[in-house]
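Numbering (the working numbering), first residue to last: 194 to 842.
It cannot be assumed that every hint is accurate.
[Unchecked claim] Straight-line alpha carbon distances no greater than 20 Å define the calculated EDC-like cross-link-like pairs of lysine to aspartate or glutamate that follow:
| id | residue 1 | residue 2 |
| --- | --- | --- |
| 1 | Lys662 | Glu684 |
| 2 | Lys552 | Glu529 |
| 3 | Lys736 | Asp721 |
| 4 | Lys791 | Glu826 |
| 5 | Lys450 | Asp676 |
Source of the hints: derived by calculation from the structure; they are not laboratory data.
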Amino acid sequence: MISISCDNLSLSFGIDTILESVSFSLNDGDKLGIVGVNGAGKSTLFRLITGEYQQNSGAVYIAKDKTIGLLEQNTGLVSEKSVYEEMLSSFPTLTKMEQRIADMQNAITAYETEQKPHDEAFTKLVESFSSLSETFEAEGGYAYKNRIRSMLTQMGFGEQFWDIPIEKLSGGQKTRLALVRLLLWEPDILMLDEPTNHLDIDTLSWLEEHLRGYKKTILVVSHDRYFLDRIANKILEIEHKRGTLYHGNYSAYLEQKEKNREVEEKHYQNQQREIARIEAYIEQQRRWNRERNIIAAESRQKQLDKMVKLAKPQAAPDKIRLQFSKSGESGNDVLELNQLAKAYPGKPLFSDVSAMIRKHDHVFVYGPNGCGKSTLLKILMDRVQPDHGDYEFGYNVTVGYYDQEQQDLNEDNTVLEELWSEYETLTQTEIRNALALFLFRGDDIEKKVSVLSGGEKARLTFAKLILSKMNVLILDEPTNHLDIPSREALESALLAFDGTIIAVSHDRYFINKLATRIFDLSDHTLFDFHGTYAEYLTYKEQKRQKAAAAVAADSTQDSTESASAGKGKEQFLKNKADAAQKRKEERARKKTADAIAKTEQEIDDIEVEMAGEAASDYKRLSELQSRKDALEELLLTLYEEAEAQQNAE
């Protein structure tokens, strides 16, 4: 069943056409990735779908009763509530229902406490309580708080964040929290504009798995190719103001696009050759200028006039061109780290970071947000002082640094002035040519740095970097704000760079192409892995499986020993049962106590599973809740048995 359809959408602002005749449709459960260069109109398409913008022509069709949820790029949650309170507000029906159930429970308890007669009002109260409880359970009422706690934790908001007012969070945290609330709401059509911003790699992996299991329709704008490969089953490319729909993930789209371009080029060239042949024939017949020749020429001209001319395939949009200039050979030992440590009040980052980085290493610093990856790079650039330890660059090392915060840009300069002030010996023509490589042309070079977009500032920073000469590149999130063609250009330039690279990045596609060594700071110290990113992921998975197997083995051994001990004890009690009634009663009490302990443990295990692995599996949660209810009934019976045994004693 079709959930959303766009038919020939077009939008212009004055004489500036943004989108032209964009059409696509999605069925329930489709996951659409939307790609295109910065400024292609991807976010604008979202605004047309939500009705924020009004199209000049075309139409948007949303299936009846479908809900739409939108996460805009870098737009955080605004609320005066705490983190947990705001997430609770995502379930207004369930919270109200839960309060009504609690009120009814109190009323029923009051009947029992005050020993009121079970009259007609009491009967209606119990019936309403039972009916509402069943509805509450059917709608996930016994699971929604576990879902909130689990999702907050998975998205980097541990329990220490739950009582913090949202207004005190950073911009990135507010954006992540807006994503959490949207995922908890589960709209029928989920629209995400760059959702991977502000997420570390582990959180990204969790989000991918969550979206892969999302049963409803998803539209996502993203430059994260790995992410699109994992979740999308369709790709909409917006290029030259038009949209083309491809079936499959990002890799399938790239392959099909290349084939389509080859076919279009071949058909165009074949037609051009045919046109040239017909025109040559017409020209020849006209030169001969006899009656039959003129008739033949006119016939072929009519054939030519009726031919449907194929448009020449448009070239791909311009992308930046990079080539890093090497300053000369460094020594084999490029950088030595010696017991580096850094912490902020109440927030330890890392300690005892020691390693030797060699020439031609491509080192990628890995770890969750807040572990100190960017701080480590700033220490190497002498912008932050370590608390302990030191570092030393090797012989003939020249460093080029890319700062994700763009702190080296002067907001008051124009684009031209910013580059020229750094390289005063170059002519204006040379500066303009350098800027043109990064798509700054015409009036663009007169823009103030302060008005540039994030992507434009990134391109300007790279323009400054490539004009310098270096044999070591230190890069802090270099793909942030870059569209996919620009990321590909950067990857090609770095692969061709005959030097050493030290980088921080959350772009797994980028890391996978370049890394030869991983520095993992996840545990607040350095784990130095020599190998590619893919090899590191394999290593981590093998390590996880070994740990799980060890835990399972320990559990099996404990269970066997416990069963053996229990069996021996039961046999001993059985042999002594006839000796005295007192020993029989002791065995009964022990049996009841064991049953209580076992039942309590199983309830605890169920609650752990509900808060963890089963938090997003509603079917499993329902099964667990039913089992928990039965166990709690059993536990009450066991408590009564224990009390009776104690009174008999």
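Here is how each hint holds up against the structure:
1. The straight-line distance between the Cα atoms of Lys662 and Glu684 is roughly 18 Å, inside the 20 Å bound, and the hint therefore holds.
2. Distance hint between Lys552 and Glu529 is fulfilled; the C-alpha atoms sit about 12 Å from each other, no more than 20 Å.
3. With a C-alpha separation of about 15 Å, the suggested pair Lys736 and Asp721 falls inside the 20 Å cut-off, and the hint holds.
4. Pair hint Lys791 plus Glu826 holds up; C-alpha atoms about 14 Å apart against a cutoff of 20 Å.
5. Taking the CA atoms of Lys450 and Asp676, the gap is about 17 Å. The hint holds against a cut of 20 Å.
Taken one by one, the earlier hints all hold for this structure without exception.
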